[in-house]
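S.K.: Listed below are the residues making up each chain.
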Amino acid sequence: MINKILIIASFFLAVSLNGKAQEIGFKPVNNSTEFKNKINLLTSNTQTIQSDFVQEKHLSFLSENIISKGKFIFKAPNQLRWEYSEPFVYIIVFNNKNIYIKDDGKVSTFDTQSNKMFSEINYMMIGTIQGSLFNDSERFTVKYFESDKHYLLELEPKMAEMKSMLKSIKIFIDKTDNSVSSIKMIETSDDYTSIEFVKRKLNLPVENEKFNIQK
Amino acid sequence: MRNLIFKNNVSDFSGSFNRKQKGLKALVLLVPIIFILSGCSNPYKNLTKTEYPEKNTSIIPYSLPHTDRTIIYKADMSFYKNTFGGLLIIKKTEINKYRIALTTQFGLKIFDFELYQGKLNVVSCIDQLNKKMIIKTFEEDFNLLLMQESFNQIIEMQNTDQNQKIWQLKSGKFSTYFTQNNESVSIDNMSKRKRNSEKISVGLYDYKKEIPGEIVLQHSNIKFKMNLKLIQQ
Chain P
1 MINKILIIAS
11 FFLAVSLNGK
21 AQEIGFKPVN
31 NSTEFKNKIN
41 LLTSNTQTIQ
51 SDFVQEKHLS
61 FLSENIISKG
71 KFIFKAPNQL
81 RWEYSEPFVY
91 IIVFNNKNIY
101 IKDDGKVSTF
111 DTQSNKMFSE
121 INYMMIGTIQ
131 GSLFNDSERF
141 TVKYFESDKH
151 YLLELEPKMA
161 EMKSMLKSIK
171 IFIDKTDNSV
181 SSIKMIETSD
191 DYTSIEFVKR
201 KLNLPVENEK
211 FNIQK
Chain D
1001 MRNLIFKNNV
1011 SDFSGSFNRK
1021 QKGLKALVLL
1031 VPIIFILSGC
1041 SNPYKNLTKT
1051 EYPEKNTSII
1061 PYSLPHTDRT
1071 IIYKADMSFY
1081 KNTFGGLLII
1091 KKTEINKYRI
1101 ALTTQFGLKI
1111 FDFELYQGKL
1121 NVVSCIDQLN
1131 KKMIIKTFEE
1141 DFNLLLMQES
1151 FNQIIEMQNT
1161 DQNQKIWQLK
1171 SGKFSTYFTQ
1181 NNESVSIDNM
1191 SKRKRNSEKI
1201 SVGLYDYKKE
1211 IPGEIVLQHS
1221 NIKFKMNLKL
1231 IQQ
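Quick mapping for you: the protein sequence lines, in order, are chains P and D.
Quick note on our numbering: the first sequence kicks off at 1 and runs consecutively.
Quick note on our numbering: the second sequence kicks off at 1001 and runs consecutively.
Be careful, since some hints might not be right.
[What the hints assert, rightly or not] Ranges between beta-carbon positions, derived for each pair:
1) D:1133 / P:77: 29 to 35 Å
2) P:176 / D:1133: 31 to 37 Å
3) D:1078 / P:69: 38 to 44 Å
4) P:138 / D:1065: 44 to 50 Å
5) P:214 / D:1123: 38 to 44 Å
Since the hints were made in silico from the structure, they are not lab data.
In this text, a Cβ means the ideal position worked out from N, Cα and C, and glycines have one as well.
Required output: the full structure, derived from the provided sequences and hints.
M.R.: Structure below.
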């Protein structure tokens, strides 16, 4: 039963943001079909992404947000290394069918094929990083917005289990390089987690070795 | 005569059997009792005790319940074969009132509790953990860690053999013992006991600015363990 927690936990790695209020400076996208085609083309052209990230957790009872920092590396179609350096070292790697978690120097391995939840996390993480999650009309209702500099995909969960925890996921796409520049996961309580991707590098070579943390 | 011998033999046999059986019974009964007694012996029993007239826990050198700072621990918890963890945030919001939240590394809240005057209210909690027995366990644990349990007496003891100072908060058949080794600046160990048997033990290590750098909480009767490492205060 509680095994699921870790899974659900990891699962929201890439997701987060702010609920019902429309983001300031954003207006609805006029032609969403054209927009979707454009994003699909861009995600299919993205072979690798490397980026630093800054994660902020907002809790209503705290006056200051909790900050975590780290790096991520993505390699199409399904390799992802998500590494926290602050406030402590924690690495999660999605490598095809396997998930590896390194915590306190110990590596745990999970097989996504034998574990439906991990398979779900894998799917969600990579879908969010790539921005392709908006295609999943079974799981999300999607609204499209844009500002001068960004596209915004606002995803509202449809499934009961996710809906009980998350109000919405906002994915911001930078118009200059068409990559995901930040995400925000807004919980039902309106507490949220935002993750900003900085120093993004697209389509540079990435060695497969980066997704092997077993040693 | 034959009958008599026969009767005597039977009687001897049955007497011998009964004695053996009684001895065996006694042994069967005694073994667990010896184990129980050795497991339940109260290490505080023979210490000299002084009762405090005031019921004020501030005499106990333990600052975690009193600080107004936001305390964040890296938490690893195991409940039977399941493990979970993330960041445990503890914030005193008023006197005798705390918010305690556990989030995953990725930010999602696992639970958000408010502890007020010893009662744990669930602000939010994922379904998998939102069970009466689990919530009661968390209530007991956080009441212990934040010294919010109700009590009738405070008793101070000196363990000269071990160079320890001990405070006992007593409430009916329950007692919580806070032990400070003489060379320590703060409490090194907590032990919640029901009569003579230990229910929860807590080790507190590596203090940083009066806040425990590491906390290991363990239950004796259920397989629940909490490991906390301080990352922010």
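S.K.: State for each hint whether it applies.
M.R.: Hints, one by one, checked against the model:
1. D:1133 / P:77: 29 to 35 Å: Hint violated: Cβ distance 44 Å, outside 29 to 35 Å.
2. P:176 / D:1133: 31 to 37 Å: violated (53 Å)
3. D:1078 / P:69: 38 to 44 Å: The hinted range 38 to 44 Å is violated for residue 1078 of chain D and residue 69 of chain P, with Cβ atoms some 28 Å apart.
4. P:138 / D:1065: 44 to 50 Å: holds (48 Å)
5. P:214 / D:1123: 38 to 44 Å: The hinted range 38 to 44 Å holds for residue 214 of chain P and residue 1123 of chain D, with Cβ atoms some 39 Å apart.
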